[in-house]
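J.: Chains as they are written, first to last, in our numbering: chain A, 1 to 296; chain B, 297 to 628.
These aren't lab readings, by the way, just hints derived from the structure by calculation. Positions of the beta carbon are idealized from the N, C-alpha and C atoms, including for glycine. Don't take each hint at face value.
Heads up, simulated DSBU-like pairs for lysine-lysine below, C-alpha to C-alpha not over 30 Å straight-line [claimed, not checked]:
(1) B:312 - A:205
(2) B:336 - A:205
(3) B:539 - B:432
(4) B:336 - B:312
(5) B:592 - B:539
(6) B:539 - B:392
(7) B:592 - B:334
(8) A:26 - A:205
(9) A:26 - B:432
Short derived list, chain B residues pointing at chain A, Cβ under 7 Å [said to hold, decoys possible]:
(10) 406
(11) 420
(12) 421
(13) 425
So you can see what is in the structure, the chains are spelled out below.
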Amino acid sequence: MTEYQMKASLNQGKVRKSSEFLRVLKQLSYNKIAMFGLILFILELVLCLLSPVIAPYDYAAMDVIHMNETPSAAHWFGTDDLGRDILTRILFGGRYSITMSLLSVVVSLIFGVVIGSVAGYFGGWVDNVIMRILDIIQSLPGMLLTIVVSAALGNGYLNTVMALSVNGIPAQARMLRAQMMRVRGSEYVEAAQSINCSQVRIIAKHLFPNSFSPLIVQASMAIANRITMCSSLSFLGLGVQPPAPEWGAMLSGARQYIRDYPHMVIFPGLAIAVTVLALNLMGDGLRDALDPRLKR
Amino acid sequence: MTETKNAPFLEINDLKVEYFTKESVVHAVNGVTLTLEKGKTLGLVGETGAGKTTVAKSILRILPDVGARIVGGEIKLEGRDLLKSSEAEMRQIRGKRISMIFQDPMTALNPVQRVGDQIAEVIALHSNESAEAVRKRAEDMLEMVNIPRERYSEYPHQFSGGMKQRVVIAIALACNPELLLADEPTTALDVTIQAQVLRLIAQLRDKLGTSMMLITHDMGVVATHCDTVAVVYAGSVVEYGTKEQVFDHPTHPYTIGLFGAIPNMNVDERWLHPIEGLPPDPSHLPTGCAFHPRCKYATEACRTGEVPTVITPDGHQCRCHNTDAVLKGEGK
């Protein structure tokens, strides 16, 4: 059998969409580091989602006798200033921190992609108007904007997600716009016009796939940023409300004990660091896997 | 239909296209008039920047929205003016009745789409067939350009330059167009591949009965593949006739210069013979004949006013004041 025939027999009978997905997955599996990141992240996600089942204590139960305890067999990560088990709180906290930051990145990606595509493809005055509006949004300090939106919308899970998203939209839109402008002049876009592709089709099939890979990396990095922002909001009394655990809130709550009981800061900090690391490793690998030009 | 068989299939009348920026207006095409009969091949020859590609893009109406405008003229496809057609009508024409082969195969394919899908795209856009039928036709097209159908699912970077150009040709011919605009299809390829690709285009053209407008700056390519030739200089046709007329009796000083620039293989020549000077800046075209600053036959009349199109003794068109002097070789 020649190489072609072998490839052909491999390709036969495969459904197109799923084969594309499988290809990316296969490509990702070659990258050991990215796989490590992916597995680490999935593990974290599963643990956090299962927290009501596997957590050893109630996340809000106070225990005055076991206040400020360092790690032990009973409390693996020790207890905090109110005697609450830190491991339990980290598990429950992950449900807030991870899902909120993920969701907010998805929301800002969606808005960023739509706005960036329109600006990048049409250019001219459309681009000008959109970019000036984004300029206005970006001229406000990011944290301040998030606080303002959060304060205006009020507390609550979805409101906080929205507040976290707004800030990320301009960066995503800008990056996609710049990429699109680079790709727009390409001959294959002209070629697509010459065979009568509609504008929507050109954007979706020709421009977007060639310009979105930097967004993936930016998004995976942005999740890390969102986790810390989310915690800043909690610290200010916006966002997630106590006694609900949230990694950032736990960090800021434990700040005052950092000299005497560093474990209170170390463990939530570690949780954030591990998540961010996992996402960054995964994001890097994903970008390579999504780009067929880098295929081995 | 029988009596209109010899009527022009494509007729371009006095086409004028400008590119404009805030500072200047670039006169890319200044009154091009051409006709192309069904099944024939027209060669469009000229220097880089002479406006050849702009003519082709005007026919498809894919000039950039911003910065380009068709100022005047008409482009008639079987009597219907494409410039006055609605966008909906153009959509029926693009890719289906008229298609284009692009200059650089390295960039004319979408790098992140499978080559087969790119061929299938044009078929799907112009037919209502099922996905399997479209795929089958796309695979057939691949085979038609001598690429194994098994390579449908590969990406452009896995193909060589010549193969990519063949894919581009397959895309252009996928819907059996009546008119093929080949924009320097071999410029980006090396000489051996050039011959292959041109032979392939010619074969398919003859097989499918397609008319073709071949844009090139290679006189050799024109000699082998074209029926009629239009020499373009600074956005206007300076000489226009059948291949034999233009090659045997070049009349415009520019055409003569072009032929003079081809080195003679039988003599050991140390120097090439270029046409003196540079092509004019299209945003500041010289008045009168655009070629007069470089022309050794130029007279006072050439510097101002319109240049007449004259019919040369052998019957082809030439845009020059001094054809008599040129034919006698009475230059300065």
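J.: Now tell me if each hint is right for this structure.
T.: Consistency of the hints with the structure:
| no. | hint | result |
| --- | --- | --- |
| 1 | B:312 - A:205 | 33 Å, violated |
| 2 | B:336 - A:205 | 35 Å, violated |
| 3 | B:539 - B:432 | 39 Å, violated |
| 4 | B:336 - B:312 | 24 Å, holds |
| 5 | B:592 - B:539 | 25 Å, holds |
| 6 | B:539 - B:392 | 28 Å, holds |
| 7 | B:592 - B:334 | 38 Å, violated |
| 8 | A:26 - A:205 | 22 Å, holds |
| 9 | A:26 - B:432 | 27 Å, holds |
| 10 | 406 | 5 Å, holds |
| 11 | 420 | 10 Å, violated |
| 12 | 421 | 5 Å, holds |
| 13 | 425 | 16 Å, violated |
When the structure is compared with the earlier hints, violations turn up for hints 1, 2, 3, 7, 11 and 13 and for no others.
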